[in-house]
Amino acid sequence: MLQVFGRYVRSVIERAAEEAQEAGSRTIEAEHLLLAIAAADEDTTRELLAWAGLDHRAVGDALQREFEHSLGTAGVTAADQEVLRPRRGERRPSDAGTSAKLALERGMAAAGDKKDLRPAHILLGILELRAGTVPRALALAGVDRRELRARTQAAISDDGRQGPPEKPGKASR
Amino acid sequence: MSGAEVPASRDPGEELAAVVATRRLADRMEDVAVEKAMRAGWSWSEVAEALGVTRQAVHKKHARKLIEAGVRLRRRT
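Just so you know, the sequences run in chain order A and B. Sequential numbering from 509 applies to the first sequence in the working numbering. Sequential numbering from 2 applies to the second sequence in the working numbering.
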């Protein structure tokens with residue numbers, strides 16, 4: 509299981525680095541991890557996000573809305589759409605920023621034992637963030653972060669009880 | 002860009018998010034503005050002076066991006 513988790517984390521971080529580059533960010537942040545998770549081919553997290561009405565595109569839209577909303581809070585309305593559009597960075601970031609580190613730390617800490625780590629722990633860590641871009645974007649998208657977090661925790665413990673994950677026979681909700 | 006007025010203070014979370022968003026906006030505005038200036042034939046030194054940073058700083062931050070965007074750059078003077 510640890511191997512499966514390790515492979516998953518590597519692929520998510522790799523994808524998150526691409527997302528960060530697309531957004532012109534110099535570091536990988538929690539929102540890039542969330543985009544990467546939404547793009548990943550992993551059943552549990554995909555189902556959890558789908559429950560909240562989220563896929564890769566919806567997460568991207570929510571993040572853009574959060575950006576524009578927060579600018580509005582500052583009294584800034586950017587009429588020039590060119591400025592609001594993300595500009596791809598010239599190099600792919602390799603460092604995780606504070607928000608991504610925090611999400612990874614919290615996600616990993618939620619597993620009592622390394623061998624209990626599941627892909628959904630990364631999503632859980634992101635959902636543990638209480639302030640900042642991701643929780644705000646989720647709130648603006650009408651996602652109940654606490655409920656989604658509870659469902660994620662439940663999915664992880666169901667998975668733990670089932671033992672090694674097998675593709676068919678998903679735990680019922 | 003249009004109007005910027007400082008609104009009455011709100012929830013601290015909103016205000017902190019506004020700080021993050023305006024920083025990011027400033028970064029994007031810098032990218033756009035530097036590219037426009039360089040396309041208009043400004044030198045690195047002139048752009049640096051206008052931004053209040055060193056020429057090295059502006060070159061390091063923007064040169065590769067501009068070359069990739071196909072901007073013909075003047076010599077680094």
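Treat the hints with caution; some may be incorrect.
[Unchecked claim] Below, simulated DSBU-like cross-link-like pairs (lysine-lysine); rule was C-alpha separation at most 35 Å, straight line:
1. K609/A - K62/B
2. K61/B - K609/A
3. K66/B - K623/A
4. K623/A - K609/A
[To be verified] A short list of chain B residues far from chain A (calculated; beta carbon distances all over 10 Å):
5. A19
6. A22
7. T23
8. S46
9. A49
10. T55
11. R56
12. V72
13. R73
Quick caveat, the hints were computed from the structure, so don't treat them as lab data. Since the structure is predicted, the reported quantities are computational estimates derived from the model, not experimental observations. C-beta atoms are modelled at their ideal positions from N, C-alpha and C, and glycine is treated no differently.
Status of the hints after comparison with the structure:
Between the alpha carbons of K609/A and K62/B the distance comes to roughly 25 Å, so the proposed pair stays at or under 35 Å and holds. For the suggested pair K61/B and K609/A, the alpha carbons sit about 27 Å apart, so the restraint of at most 35 Å is met. Only pairs whose Cα atoms come within 35 Å are accepted, and K66/B paired with K623/A is rejected, the gap being roughly 43 Å. For a cut-off of 35 Å, the pair hint linking K623/A to K609/A stands: about 20 Å separates their Cα positions.
Remark: the non-interface label on A19/B conflicts with the geometry, its nearest Cβ contact in chain A lying 4 Å away (cut-off 10 Å). Not every beta carbon of chain A lies more than 10 Å from that of A22/B, the smallest distance being close to 4 Å; the non-interface claim is violated. With a closest Cβ-Cβ approach of about 5 Å to chain A, T23/B is found to fall inside the 10 Å limit, against its non-interface label. Non-interface status of S46/B relative to chain A is upheld: no Cβ of that chain comes within 10 Å, the nearest being about 22 Å off.
Remark: the non-interface label on A49/B is consistent with the geometry, its nearest Cβ contact in chain A lying 19 Å away (cut-off 10 Å). Separation of T55/B from chain A is adequate, the least Cβ-Cβ distance of about 19 Å exceeding the 10 Å criterion. The non-interface label for R56/B is consistent with chain A: the shortest C-beta to C-beta separation is roughly 18 Å, beyond 10 Å. Every CB of chain A lies more than 10 Å from the CB of V72/B, the least distance being 13 Å, so the non-interface label holds.
Every CB of chain A is more than 10 Å from the CB of R73/B (nearest about 17 Å), matching its label as outside the interface.
Consistency note: the structure conflicts with the earlier hints numbered 3, 5, 6 and 7.
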